[in-house]
Amino acid sequence: MFESLTERLGTALRNLRGVGRLTEENMADALKEVRTALLSADVHFKVAREFVERVRLSCEGQEVLKSVTPGQQVVKIINDELVSLLGEGTTELAQARPLKILLVGLHGSGKTTTTAKLGRLLAKRGKKPLLVACDIYRPAAIDQLEFLGRQENLPVHADRSSRDVPAIGRAGIAAAKEAGCDAILFDTAGRLQIDTDLIEEVKRLRREVQPDEVLLVADGALGQEAVNVAKAFNEAVQLTGLVLTKLDGDARGGAALSMKAITGCPIKFVGTGEKTDDFDVFHPDRMASRILGMGDVVSLVERAQESIDQHEAEKMAQKMRKADFNFEDFLAQMRHIKKLGSMESIIGMLPGMSGLKVGDEAEDKLKQTEAIIQSMTRQERLNPNILNGSRRQRIAHGSGTRVSDVNQLLKQFGQMRKMMKKMRGGGMRKMMRAMGGGGGGGMVPPGMRG
Amino acid sequence: MLSLFKRFKDGLTRSTRNLLDRTGRLFGLKKLDAASIEDLEEALHGADFGVETADAIITEIRTAYRKNPDMGGKQAAEIGAAVLRDLLRTAEASLAPAATSPTVVCLVGINGSGKTTTAAKLAHLLRAAGHRPLLAACDTFRAAAIDQLRTWAERLDFELVAGQHGADAAAVAFDAWQAARKRGHDFLLVDTAGRLHTKTNLMAELGKIRRVLAKNDPAAPHYSLLVVDASLGTNSVDQARVFHQQFGLDGIIVTKLDGTSRGGALVAIHRELGLPIHFVGLGEQAEDLQPFSADAFVAALFGLEREEIPA
Ligand SMILES: Nc1nc2c(ncn2[C@@H]2O[C@H](COP(=O)(O)OP(=O)(O)O)[C@@H](O)[C@H]2O)c(=O)[nH]1
Ligand SMILES: [Mg+2]
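Protein chains in written order, with the working numbering: chain A, 1 to 450; chain B, 1 to 311.
You can trust all of the hints, since none of them are fake.
Among chain A residues calculated to face chain B with C-beta under 7 Å, some are:
id: 1; residue: 36
id: 2; residue: 139
id: 3; residue: 144
id: 4; residue: 194
id: 5; residue: 223
id: 6; residue: 249
Read the hints as simulated data drawn from the structure, not as lab findings. The beta-carbon is built from N, C-alpha and C at its ideal position, and this holds for glycine as well.
When you get a sec, could you build the whole thing from the sequences and use the hints?
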């Protein structure tokens, strides 16, 4: 299974705790992991190499080696570089009227479905789109577009008797004019970028209809050849944008980076399902996280930094070192964590966990823990050793839990204190893990544990 | 069969040319150097074998180069070919007829991978081998998918069983099996709707097709084949893994190898899951489907059957 970048970095930077900060050597290891992660995400070999070089320079520029949390900082730099490569912000369609859009791509990339989706989106934005069926090759391709047009209430121009694709395009424009449509979408046949006859055909279609937008529709799971595909289509028909499809799958989508890098064309839309409204404008930040397989770990790091008061954290760390950590402190820490958001939203930001349903169970567990602690007296919280059987019974009653729940919490707490004695620094993270949903898996991504 | 085999090589040669071009005629070099090894590394990664395999090959080549600095491109190619051949030793497979007729072949895969076209091509190939296939149009979901297969059936003169758009795919499969039995077809080719492996409900639907077919013949489907697009990268392995876990696969069909992608993902799939590669698709026409030959694939990839290109 594909390891997320944070996991990989976690491995590469493992010695970090001992060293205290990054050495040039483990920086090199880390960058090698970045390269492997990018390649495994289908980023093109050369693009990956150049990217790693940029990250290296950026890390040197920012003196990551001297920072307190180099691992996290590296992740953040990578993410920022990636976002800037994928394009800042979202990119709109041209403003022309009528707006003519030509959709091109390989076989089975999702052109016909995308034509219908885009038509629907434009209709929602108040345009009057017409779809033109220019795929005269694949059996029933015209039927498919007509079906989708009927379903979306969009007119479709088709000519089953014609073998002249540019003529069909021209007739489509005339039909749009007659019907008073102000957006014209041309669905074309799938073609290989090396099929000279078919590439010639789409060039002629382009010359004939003079589109305002030429969109390459590409499967989000494309491999290394994505660069050559995008390059050849761009040279043939001068692309104005890219559409990535099938992103409801679990492909990392590194091809997006390669295609953007090679053509300079913005990625404009993404397809996220088979239904016609499973269609979104493209967000570079989401794509960056996806490629890196790190969920939204960067914003989690940022939020954690914001919500934890430095001074208090220092105080806490001192207490931990002396291991005189008590339930008052525990409660305070819990509240810090809660400031990060609900369990569901935190887990959702973690790599490889976005699909995971937290259910209310873990959330309930945290609430229960809080209730138990709140049912203790201040004295009990400061000195948990005095919690005998009858006190435990009272607490269980007061918090609406069972004595076994209270016992479990105390046991966990005891273990935590033991752990604290052993550890140096990085305490906050370990503690978050210990507190996450009882004995089960931690709530901090493996890569952050280092 | 010879001409078919030739076509297989032609299709692959087209893509291999690309590999060779980009490696700066590397394999034809009389003597390698650091730069050409770097080029080779790029080419290997560009083939979608997966990082592990590409790194393994390049490591072997580097080791050999260190021992013998006079090493030529041909030798490097042979090292790479040997690694791949070894990985693909058990990758070939045939569609042997089952004990009870009809032999049921189920084509599954993600949207647009080439299932419907492959169903038609496979029918064509089976007929050429003397069989009587029946097509079952069980993609009742995608708009005009039934028409697509029906057009193929009419064009090539095959019989087809289909239901209405939106009908229960499993029910169509059941009827098709009965029809095949009654009308004496010895192969039943089931085309199914495309589904991403991440959609649990759609994956569960496939299970229903399997159960319904098993009511007719407990051993059916005899061949559940995943149709994979050669232009995809590492996600192919994830697709195969999940389809295999949830549906139980017997093999793989790799389509669109007539493009410039080298389809290295098939190596990755076979390496991880041990599934054989039954066929490769090399174009959009009925005759563009070939049994997979590991030797032809490897030789074509590394340009081993070609003449040395002068440096
Ligand atoms: N070049 C090429 N195109 C193919 C091949 N197999 C299928 N296609 C094309 O890929 C597209 C999608 O195929 P289709 O059979 O409809 O895919 P499905 O959605 O999986 O049933 C069609 O345009 C086919 O003509 C192949 O081996 N080579
Ligand atoms: Mg189909």
